[in-house]
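J.: First residue of the sequence shown: 35, per my numbering; consecutive thereafter.
FYI, nobody ran anything at the bench for these hints, they're computed from the structure. Incorrect hints may have been included.
As the list claims (entries may be wrong) - Below, simulated DSBU-like cross-link-like pairs (lysine-lysine); rule was C-alpha separation at most 30 angstroms, straight line:
{"id": "1", "residue 1": "Lys-37", "residue 2": "Lys-48"}
{"id": "2", "residue 1": "Lys-48", "residue 2": "Lys-94"}
{"id": "3", "residue 1": "Lys-94", "residue 2": "Lys-45"}
{"id": "4", "residue 1": "Lys-94", "residue 2": "Lys-37"}
Stated by the list, open to error - Simulated restraints on C-beta separations:
{"id": "5", "residue 1": "Pro-36", "residue 2": "Ser-60", "range": "27 to 35 angstroms"}
{"id": "6", "residue 1": "Lys-37", "residue 2": "Ser-60", "range": "29 to 37 angstroms"}
{"id": "7", "residue 1": "Glu-102", "residue 2": "Asp-71", "range": "12 to 20 angstroms"}
{"id": "8", "residue 1": "Pro-40", "residue 2": "Arg-101", "range": "15 to 23 angstroms"}
{"id": "9", "residue 1": "Ser-60", "residue 2": "Asp-105", "range": "27 to 35 angstroms"}
{"id": "10", "residue 1": "Asp-105", "residue 2": "Gly-62", "range": "31 to 39 angstroms"}
By construction, the Cβ of each residue, glycine as well, lies at the ideal position given by its N, Cα and C atoms.
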Amino acid sequence: MPKLGPVSRAKLIKRLRELGFDGPFSGGRHLFMSRGDIDVRIPNSHEGDISVDLLARILKQAGITRREWLD
35 MPKLGPVSRA
45 KLIKRLRELG
55 FDGPFSGGRH
65 LFMSRGDIDV
75 RIPNSHEGDI
85 SVDLLARILK
95 QAGITRREWL
105 D
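From just these sequences and the hints, can you work out the full model?
T.: Okay, here's the thing in structure tokens:
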């Protein structure tokens with residue numbers, strides 16, 4: 035199975051939309067995206083990509099498997 039790699043914030047948002055999430059919505063310090071009763075915080079924009087470790091934590095919070103993300 036291919037490994038996760040770093041992703042840009044724009045690609046994270048695009049892929050979460052493809053997986054059924056709505057947003058991003060304003061939510062205090064961070065934007066968030068929603069699907070049903072699941073809310074996932076989106077990291078603030080910064081230079082560089084979102085690390086593999088942070089991406090893995092976001093996917094776990096969102097209930098998205100590695101296979102779903104990579105398909």
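J.: Evaluate each hint against the coordinates.
T.: A quick look at each hint next to the structure:
1. Lys-37 <-> Lys-48: Holds: Lys-37 and Lys-48 sit about 19 angstroms apart, inside 30 angstroms.
2. Lys-48 <-> Lys-94: holds, 17 angstroms
3. Lys-94 <-> Lys-45: Holds, at roughly 17 angstroms.
4. Lys-94 <-> Lys-37: holds, 15 angstroms
5. Pro-36 <-> Ser-60: 27 to 35 angstroms: holds, 34 angstroms
6. Lys-37 <-> Ser-60: 29 to 37 angstroms: With Cβ atoms ~33 angstroms apart, the hint holds.
7. Glu-102 <-> Asp-71: 12 to 20 angstroms: Distance hint for Glu-102, Asp-71 holds at roughly 18 angstroms.
8. Pro-40 <-> Arg-101: 15 to 23 angstroms: holds, 19 angstroms
9. Ser-60 <-> Asp-105: 27 to 35 angstroms: holds, 30 angstroms
10. Asp-105 <-> Gly-62: 31 to 39 angstroms: Roughly 32 angstroms apart at Cβ, these two residues keep to the hinted range, so it holds.
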